[in-house]
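Visitor: Each protein sequence line maps, in turn, to chains A and B. According to our numbering, the first sequence is numbered sequentially starting from 1. According to our numbering, the second sequence is numbered sequentially starting from 1.
The set of hints was computed from the structure by calculation and includes no laboratory data. Careful: at least some of the hints might be erroneous.
Unchecked claim - EDC-like cross-link-like pairs, simulated, lysine to aspartate or glutamate; straight-line CA separation at most 20 Å: (1) B/K437 / B/E362; (2) B/K56 / A/D12; (3) B/K201 / B/E190; (4) B/K56 / A/D26; (5) B/K163 / B/E100; (6) B/K437 / B/E359.
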Amino acid sequence: MESGNERSLRIDSNVERGRAVRITVDGEAIPAYEGESVAAAMLASGRRVFRHAEHDGPRGVFCGMGICNECMVTVADLGHVRACIATVRDGMRVSTQ
Amino acid sequence: MREVEIAIVGGGPAGLGAALEAAQTGAQVVLLDEYPTLGGQFYKQVPEAFAVRNLKAESDQFVEGVELVERVKNSSVEFLPNTLVWSIFPDGTLGLSREERTEELRAKKLILAPGAQEVPVAFPGWTLPGVMMGGAAQSLLVTQRVLPGRRVVLAGVGPLQLKVASQLLDAGAAVVDMLEASSKPPVSMENALRSLGHWGKMREGMTYWMKLKKARVSYHHSHVPVRALGTEQLEAVVVAQVDEEWRVIPGSERTLEADTLCLSYGFLPATQLTRLVDCRLDFNERAGGWVTWHDADQRTSVEGVYVAGEVGGIGGSEVALEEGRIAGLAAARALGKAETSASRKQEAEARKRLTRAREFAELASGMMQLKPALLDLITDDTILCRCESVPATQIMQAIGAEGDCTLRGIKVQTRAGMGSCQGRMCGHLISRLIAKKTGMPLESIRPDTARPPIKPVPLRVLVDHLET
Chain A
1 MESGNERSLR
11 IDSNVERGRA
21 VRITVDGEAI
31 PAYEGESVAA
41 AMLASGRRVF
51 RHAEHDGPRG
61 VFCGMGICNE
71 CMVTVADLGH
81 VRACIATVRD
91 GMRVSTQ
Chain B
1 MREVEIAIVG
11 GGPAGLGAAL
21 EAAQTGAQVV
31 LLDEYPTLGG
41 QFYKQVPEAF
51 AVRNLKAESD
61 QFVEGVELVE
71 RVKNSSVEFL
81 PNTLVWSIFP
91 DGTLGLSREE
101 RTEELRAKKL
111 ILAPGAQEVP
121 VAFPGWTLPG
131 VMMGGAAQSL
141 LVTQRVLPGR
151 RVVLAGVGPL
161 QLKVASQLLD
171 AGAAVVDMLE
181 ASSKPPVSME
191 NALRSLGHWG
201 KMREGMTYWM
211 KLKKARVSYH
221 HSHVPVRALG
231 TEQLEAVVVA
241 QVDEEWRVIP
251 GSERTLEADT
261 LCLSYGFLPA
271 TQLTRLVDCR
281 LDFNERAGGW
291 VTWHDADQRT
301 SVEGVYVAGE
311 VGGIGGSEVA
321 LEEGRIAGLA
331 AARALGKAET
341 SASRKQEAEA
351 RKRLTRAREF
361 AELASGMMQL
371 KPALLDLITD
381 DTILCRCESV
391 PATQIMQAIG
401 AEGDCTLRGI
411 KVQTRAGMGS
421 CQGRMCGHLI
431 SRLIAKKTGM
441 PLESIRPDTA
451 RPPIKPVPLR
461 VLVDHLET
C-alpha cells in the first residue's frame, strides 16, 4: 500500500478502497484498486498523457464523464477504451495511444 | 425481445426520482445507466468496491445520493449498470451495449434523463493534459478519491467553482487562484437567496465562501484564463482581467504556475437521445441553448417518450429530481396506474417543490450566461474540434463559404464534429462562431443530426446487432 506515502495523489482520509489489483501501463506495473477507473489509477501514478492526437499534441482527461474521448487508451483484449469510465480489472494491460 | 412497462435512461437525480415514483405505483421499471453505480454526475457516488468510513464526514449532497440510491436498491426497480443506450431505433426499440454485447429492450413508456455536459470553452493550450472540466476534477475527488493535481487554478462563471475549490482544499490540493469571468462574485447571490428564503442554498454557498477566505485563497472576479502553457502537460496558465463584456483588458496578463486548470462555464443539455427520436427541441439560451420541449407532465412531442431534468433545460439537481418524480408518475398513470389519492398527493407535493427549485435555477442561470467576447480568446491555430484536431482558422474559413452556415456544412468541409465525440466538444463553439461571423441569431443554428451509436461502442456490439 502507498497510503504512508505523503506524495500520494490518492485521498485516504475517509475511504477504504477495494483490494489491490495488478495492472500495467505501457508495460510498467502501477498500483490500482478494485473499483477505480483506469484514468484514476493512471493519474494517481502521475501519468497525465493518455494519447497523442494525430497531427496535434498530447491529450489527457478532459470531460471526465465519457463524452470527449480524449482519455482513450488501448486495453489488451478490449481495444479502445475510455479510461475515465472503464474500471480496472486484475491483470489489465493498458497502452497509451 | 424483452418488453417492460417503463424504461428510464440515466441514473442521476431525474432518473432516480422517476424510478422511485413509478415503482411505487406498482409499475415495472428498468433503470439503465452507463456507469457501474447509480447517482450520476451530481451525486457522484464511490465505486461499489469502495467503502466510506464515516458518512457524517461527507457532504450533504453525497449523503443525499447515498440515501436515494439505497431507496432505489430496496425498491422493485431493476437497475442495469454498465449499460449504454447507444441507439433508439425508429420503432422505439432501445439498443443497449452491455459487457461487450448488444441487447435490445422495448418499453411501453420511455423516460429519458441523460443529464447535461459542461460547456467547453476554447483558448490556446486548452487541449493540454491537466486542463479539464470542473466536473472531471470533482469526479476524481468525490468518486475516485484521487487528487486531479497539486496546484490548481479554477476558472469559469457562477457559483459552482466555489464548491470545486472547497473540495480541492479539503483533499489537500493547493488552490493557486480562482477566476470568475463575471464582474459579480457569486456571493452577490446572497441577497436574492435570502429574500426568496432559499436558506439551504445560501448556507451552502456561504460555507464554501468562508472556507476559501479562511484558507486565504486568491479570488478574482472579471478574470479569465487566456492561454494554457506547457509541452507535454500543463505547466502554467496565463490569466487576464476582462471588462463587463468579458473583453480582455490589454496589459493585464499574468502567468500562474499550475499543473491543473479546471473549467466551470456552465452546462449544455445532453440532447443526443431526444434528437435521435426526433423530439421537438426549442432554443432557450438561459437554459443552456437547445432544450427538449416537454409539457407539464414531462411528455415530449413524441408519443410515449418523457424527459426529466437537464435534457429539458438546465435547472440543477432539485429541478431534475422533482421533474423525474412527475415524469415517473405521469408515465405510470398513462399505463393506468398512479390513480390513487396517495399518488396524486405525491405529485402535488413534487410540483410545489419544483416551483421552488425553478426559482433558484432562474437565479443561478442568470449568473451563468456566457458573453460573446469569450470567443475572442480563440486564435487561428487553437484546436476547436479536439477529435479531428481542426484549428479555428479552417473553421472560420469554412463559415459562409459556399453558403455554409450549418454545423453539418462545416463538418463536411473541415471534418470538425465528425470525430468520436460527435460534436459534443466543438458543436456549441462552432455555432457561436457562425453566429459571430454571419450575424445569424444562435437560435437559427440547429444542432447537428444525432446518429447511432451516440457514444463509442465495441465493434462487436454493432456486429452483434446486425446479426440479430
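Visitor: If a hint holds in the structure, say so; if it does not, say that too.
Guide: Verification of the supplied hints:
1. B/K437 / B/E362: It is violated: about 30 Å lies between the C-alpha atoms, which goes past 20 Å.
2. B/K56 / A/D12: 16 Å, holds
3. B/K201 / B/E190: 9 Å, holds
4. B/K56 / A/D26: 40 Å, violated
5. B/K163 / B/E100: Not OK: B/K163 and B/E100 at ~36 Å, beyond 20 Å, violated.
6. B/K437 / B/E359: 35 Å, violated
Violated hints, listed in ascending order, are 1, 4, 5, 6; each of the other numbered hints is respected by the structure.
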